[in-house]
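Student: The listed protein sequences correspond, in order, to chains E and U.
Numbered per this note's numbering, the first sequence finishes at 306, counting up by one with no gaps.
Numbered per this note's numbering, the second sequence finishes at 588, counting up by one with no gaps.
Treat the hints as calculated values from the structure; they're not laboratory data.
Don't take each hint at face value.
[To be verified] On the chain E side, residues computed to face chain U include the following (Cβ under 8 Å): (1) Leu-58; (2) Cys-178; (3) Met-218.
[To be verified] Anything over 10 Å on all C-beta distances counts as not near chain E; from chain U, calculated: (4) Ile-430; (5) Leu-464; (6) Ile-535; (7) Ile-581.
[Said to hold, decoys possible] Simulated pairs of lysine-lysine, DSS-like, Cα-Cα distance not exceeding 27 Å: (8) Lys-529(U) with Lys-517(U); (9) Lys-397(U) with Lys-116(E); (10) Lys-314(U) with Lys-134(E); (11) Lys-141(E) with Lys-323(U); (12) Lys-314(U) with Lys-397(U); (13) Lys-314(U) with Lys-80(E); (14) Lys-279(E) with Lys-229(E).
For every residue, glycine included, the Cβ atom is placed at its ideal position computed from N, Cα and C.
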Amino acid sequence: MATAIEIQGLTKRFKSPFGGTLNAVDNLDLNVQEGEIFGFLGPNGAGKTTTIKILLGLISPTSGKAMVLGKPAGDNNTKKRISYLPESPYFYEYMSARELLNFYADLFRIGREERKTRVDSLLERVGLAEAADKPLRHYSKGMLQRAGVAQALLNNPDLVFLDEPTSGLDPIAHADICNLILDLRAQGKTVFVSSHQLGDIEMIANRVAILVSGKLAMMGEVKELLTTKQVEIIADGVNDEVAGKIAEISDESELHAGRLTAYIQDAAVQKNVIEMLLKNNASLVSVNPRRRTLEKLFVDTVRGGR
Amino acid sequence: MVIWTIAKTTYREAMRKKILQVFLIVALAMIVLALSFTQFGFQRDMTIVKSLGLTIILVSGLIISLTIGITLIPNEVDRRTIYTILSKPVKRYEFVIGKFLGGLLTLSVNIWLMGIVFIVMLAIKAALIGEVSTGPAGFVGDVRPETYKVQIFDPSMLLGILMIYFQFFLLSAVVMCFSVFMTPTVNFFASFAVYLVGSAAPIWASLAADKEKTGLLVRGFYKVIHTIIPNFDYFNISNRLIHPHHEVRSLPLFVSESIAYALVYVCLLLIIASIVFDSREV
Ligand SMILES: Nc1ncnc2c1ncn2[C@@H]1O[C@H](COP(=O)(O)OP(=O)(O)O)[C@@H](O)[C@H]1O
Ligand SMILES: [Mg+2]
Chain E
1 MATAIEIQGL TKRFKSPFGG TLNAVDNLDL NVQEGEIFGF LGPNGAGKTT TIKILLGLIS
61 PTSGKAMVLG KPAGDNNTKK RISYLPESPY FYEYMSAREL LNFYADLFRI GREERKTRVD
121 SLLERVGLAE AADKPLRHYS KGMLQRAGVA QALLNNPDLV FLDEPTSGLD PIAHADICNL
181 ILDLRAQGKT VFVSSHQLGD IEMIANRVAI LVSGKLAMMG EVKELLTTKQ VEIIADGVND
241 EVAGKIAEIS DESELHAGRL TAYIQDAAVQ KNVIEMLLKN NASLVSVNPR RRTLEKLFVD
301 TVRGGR
Chain U
307 MVIWTIAKTT YREAMRKKIL QVFLIVALAM IVLALSFTQF GFQRDMTIVK SLGLTIILVS
367 GLIISLTIGI TLIPNEVDRR TIYTILSKPV KRYEFVIGKF LGGLLTLSVN IWLMGIVFIV
427 MLAIKAALIG EVSTGPAGFV GDVRPETYKV QIFDPSMLLG ILMIYFQFFL LSAVVMCFSV
487 FMTPTVNFFA SFAVYLVGSA APIWASLAAD KEKTGLLVRG FYKVIHTIIP NFDYFNISNR
547 LIHPHHEVRS LPLFVSESIA YALVYVCLLL IIASIVFDSR EV
């Protein structure tokens with residue numbers, strides 16, 4: 001499979017307003033394959049938007065290489081095949097969604113006939129068919145985001161950049177936009193999506209990278225990062241003494257108000273712990289394979305944990 | 307064409323702004339009011355009305371070209387609308403020229419709307435009066451006819467508006483060029499200063515030529531100002547007609563030279579703006 005995005009040693013240095021400099025992106029290496037949904041995570045100010053802007057040619061890197069669909073970032077021909085939804089997009093406020101999409105379609109040099117079909121079907125697809133002729137000034141944040149997604153799909157792109165597409169949306173808009181991204185995945189498009197909504201990324205992305213202060217802190221397949229060989233045992237009515245003994249033999253455990261949660265990989269230890277719990281009249285709540293959440297992985301990574 | 311798409315959208319968005327609509331209505335009302343001026347008898351009234359009308363159009367043109375121009379590009383950056391445009395197959399120079407033409411279209415429609423209303427109102431006023439008497443004879447032997455027909459259409463008004471139009475065409479390009487590296491407020495004052503200094507071009511020229519009173523360095527300075535700053539005085543047609551010390555030349559030649567001057571200058575300024583904007587971070 002071909003490489004959609006290739007980033008090598010990418011650095012972007014800004015002059016900080018208080019004097020001195022700031023590496024918003026710091027020696028970043030990263031590859032995204034075609035057909036991947038790539039989740040680009042990181043706390044506020046980590047450098048996600050800066051990286052995306054470099055990939056789009058909106059700003060130029062201080063050093064390093066950024067290739068998009070085999071061409072240097074910002075190549076005008078490549079731009080026909082990619083699209084971008086900025087963070088909290090804002091559009092010309094006196095325009096209606098239909099006018100806006102017509103305008104963007106003209107920038108993509110889509111012919112008149114084709115334009116009408118695409119605009120109509122996209123308005124339908126993002127759920128703006130009814131509001132299509134109202135000025136964007138009267139749109140809610142969710143509706144603006146829908147318009148933003150529609151403009152990003154106008155050129156039927158091979159590669160889509162989405163910067164925090166689900167931040168600050170109501171649950172319906174949120175679900176709709178997640179579904180649109182899943183559609184893209186089904187169509188085999190490449191999607192580079194930055195986000196804070198870790199639950200969404202967990203659901204839609206194949207692979208994630210976590211950026212901290214401009215540096216790559218972790219990268220891998222979502223499945224591999226989140227599955228472990230441990231079993232999670234939860235029991236209620238556990239006293240301190242028993243919990244203490246269990247803590248000694250578990251890989252990880254915690255006790256909150258009589259509820260014990262223990263993580264154990266070794267099968268013999270698992271059996272042992274369950275027997276101890278039953279013998280001490282604790283009530284078992286659940287025994288499950290342990291699955292980490294992206295949320296936990298993220299917090300651990302950003303805090304400099306494992 | 308992408309440039310035209312951007313220009314059209316810029317124009318439509320600008321014209322829908324309430325502030326511009328209100329401003330235009332006020333300017334039109336002032337023009338109509340100016341026409342009702344009667345004080346000193348028809349002949350002098352008409353002269354005052356005409357210069358009042360042209361002044362209103364001039365000042366409006368100045369305000370519109372400054373206020374529209376200073377925000378054309380900075381607003382796109384602030385509101386991040388520029389990201390969705392420049393991430394599409396749009397070259398930077400296409401964006402700059404498209405925005406410029408959109409602003410120019412807005413300015414043109416406003417100036418010509420005021421101009422046409424002014425000329426039509428003048429014609430109506432003239433037609434209503436029909437003919438006037440020249441008044442009592444000024445001195446013995448005054449042999450003017452008792453009455454004469456009022457001129458309904460005065461071509462010099464059209465020419466006056468055309469020259470106003472071209473100076474703001476030029477000023478718009480100055481504003482656009484500044485806007486790729488200045489904040490709107492700084493741009494407003496800088497462009498206004500260029501307009502004032504450029505309108506005073508004959509002063510710089512005569513200062514630069516004055517070998518007796520000023521030293522070489524100072525004269526060089528005036529020379530530089532005179533050369534770099536666009537000469538807005540080229541468009542000041544009433545000055546030429548009033549002051550006889552200007553070279554007497556044919557009017558069509560003068561007008562076409564001024565327009566050619568504006569075109570060349572605008573092209574230069576747009577090239578500079580495009581080059582600067584091309585390497586700018588947005
Ligand atoms: N144009 C700029 N000038 C100076 N600093 C900037 C600029 N753009 C971004 N930064 C800084 O770079 C860092 C990364 O910003 P950004 O890429 O927007 O982060 P994220 O999108 O991950 O929240 C932040 O500290 C931000 O303040
Ligand atoms: Mg961001």
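Student: Give a verdict on every hint.
Tutor: Against the structure, the hints:
no.	hint	verdict
1	Leu-58	holds (5 Å)
2	Cys-178	violated (21 Å)
3	Met-218	violated (28 Å)
4	Ile-430	holds (34 Å)
5	Leu-464	holds (33 Å)
6	Ile-535	holds (32 Å)
7	Ile-581	holds (15 Å)
8	Lys-529(U) with Lys-517(U)	holds (12 Å)
9	Lys-397(U) with Lys-116(E)	holds (25 Å)
10	Lys-314(U) with Lys-134(E)	holds (19 Å)
11	Lys-141(E) with Lys-323(U)	holds (22 Å)
12	Lys-314(U) with Lys-397(U)	holds (17 Å)
13	Lys-314(U) with Lys-80(E)	holds (22 Å)
14	Lys-279(E) with Lys-229(E)	holds (26 Å)
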